[in-house]
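> The chain contents come next:
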Amino acid sequence: MTQLQTRSARSAARDRRREDAARRHRTPLGTRMRREWRMYALILPGLLFFLLFAYVPILGNVVAFQAFSPFLGIEGSPWVGFDNFVRIVSDPEVVRAVVNTIQIAVLQIVFSFPAPILLALLLNSLLSSRVKRVVQSIVYLPHFISWVIVISIWQQILGGAGPVAGLFESLGVDGVNIMSNPDTFKLLVTSQVIWKDIGWGTIIFFAAIAAIPQELYEAAAVDGAKPWRQTWHVTLPGLVPVISLLLVLTVGNVLTVGFEQLLLQQPIVGADAAQVIDTFVYFRGVVGGDWGISAAAGLIKGVIGTLLVLGANRLAKRMGTEGVL
Amino acid sequence: MTTMTAPETPTSPMASEAAGSARPPRTKRRRRGPASDRPAWMGRPSVPVQALKALVIGFIVLVMLYPFVYIIAMSFASKDAQTSGFLPTSFSLDAYQAILAGDIVTRSLLISAFVTIVGTALSLTCTVMLAYGLSRTRQVPGSRAILLLVVFTMFFGAGIIPNYLLMKNLGLLNTLWSLILPGLISAFNMVVVRNFFMSIPASLIESARIDGASDFRILWKIVLPLSRPVLAVVGLFAAVGYWNSYFSALLYINDSSLWPVQVVLNQYVIQGSVLTDIIGSDVPTPPSQSVQMAVVVLATLPILIVYPFIQRHFTKGMLTGAIKG
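Read top to bottom, the protein sequences are chains A and B. The first sequence begins at 22 in this note's numbering and counts up one residue at a time. The second sequence begins at 711 in this note's numbering and counts up one residue at a time.
Just so you know, not all the hints are guaranteed correct.
Claimed, not checked - As a list, the in silico DSSO-like pairs of lysine-lysine whose alpha-carbon atoms are at most 30 Å apart: (1) A/207 with B/789; (2) B/763 with A/247; (3) A/153 with A/247; (4) B/878 with A/153.
Because the hints were derived from the structure by calculation, they are not lab data.
Please construct the entire structure, taking both the sequences and the accompanying hints into account.
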């Protein structure tokens, strides 16, 4: 049914476009542009902003092909072709950063991604809308707290001087400091992400659940489906388009794992566990002054990220959902 | 036990708002019986399942709220407080007095407030102008191309190094503009606002146009008054983004007298710099943990204050824009 609707919507859009084209032939382009000068005036500041702060930096990526020095500038620095990229491949620190990034990304897709779906299903199964609303306003809150504050709070609770360490001490285990343990750090990072964003993530699933027709549940109940079977056969299939859409975006961002979150905790836990691609770029480039190699690493990351979004989007479309683009 | 009530006050606006709006229906519902939320076809939920859900939700709420209650309680702890338990049991304002007597934290709070207010005002203005300017892509030649240009920035960012070099070349390093300008318009927010504008009935705008209203007038007199929910949400996103921003200050600002509160927080709470710098010299020295937590509370407070007012708009404002995009 939905397919039919989209098809008729599509043909309506095509008709409209034809009409437009016909009208366009009647009025010359210059006249139409002059008539809409107010719209261009509204667009102008935003357009300038994106050109200057998004597209000029994209061109600035040419330093990835230079032995860049801030004193010589982009014009004065010597060109070195693909040297920086060759150096990346042979740098053990890059390998470590890539491995850490992928490990954290996999943990987040396995644990942080489904968490809001489960919470949304759980809250949706509550009958009292009052309880639902109160719980929602509580779980949304951490999303609005900065990473600096989140890490401060977690350090206070889970660090060496906090109540959790005190609890372990009273059980006879001394010196428990979850925050500075490199072995469990990636799990810690994943739990922090879940704590901060599980509630916020539910919003979009609530909207999708609300769009599922009540008749489907009625029909399932008449057929004798118990609540958990209704969830499995009605709610979850209703969520598939949203889930696949979000999965596309998540996969596209796979190389961007909580930059500020890791940057803040690196001094506590050490670079072996907390160096990811973005922190490598920052420390090697801005702090260490090796601009070429870190710009090259950033460029590779950006290109791979874009390719991943496009690839995942195509895959989602092939599997029968709408995709993002 | 008396101290238990004090720490909860800052979170209470949220709780009381939720409770206040829900109180009248509660008495009505009780008279009709708890089943009134349940559709007729749905079976009566079993007791063990209900108990399990209550347990899980209780656990989630505890995990979300306990850290906040703990840091607030800790910020009020006095010098001889018993701090090893799950909540410190004493009350003093020493930590706050000490911080407000020093100038580092107070100055950083003022800087963050300035950046947030100016940034949010500019951001909302530019976002609205661009969103309206791009809302009639069928009539305004070239605006579809500009829209694609903007949307592309959601998928491909330039990376840290080129952005740093741009700010350096613009001479904006060590100015507050370097905290305001780079995030001025978020492509995502722009799309959300644009979709909201486009959901306004075309007949409304068309009739104004026939009456001779220009696009400026239509935007100001018709579109904006109808768009309050989405403006509230996008404004909140921008404000929270500016207040919470940490990395741009770390990257662009070396001069510690221009640090916003998040950088100060990292310096003195997470990295544990000596606290004597931030407290006034002529006040009694409070325990260092409560000084740290008092800074955390001061940095969180603005968000806790704004949150309950805007919370109710989330779903309405967010989803009208986001889902269709």
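> Give me the numbers of the hints this structure contradicts, sorted from smallest to largest.
Per hint list: 1 and 4 violated.
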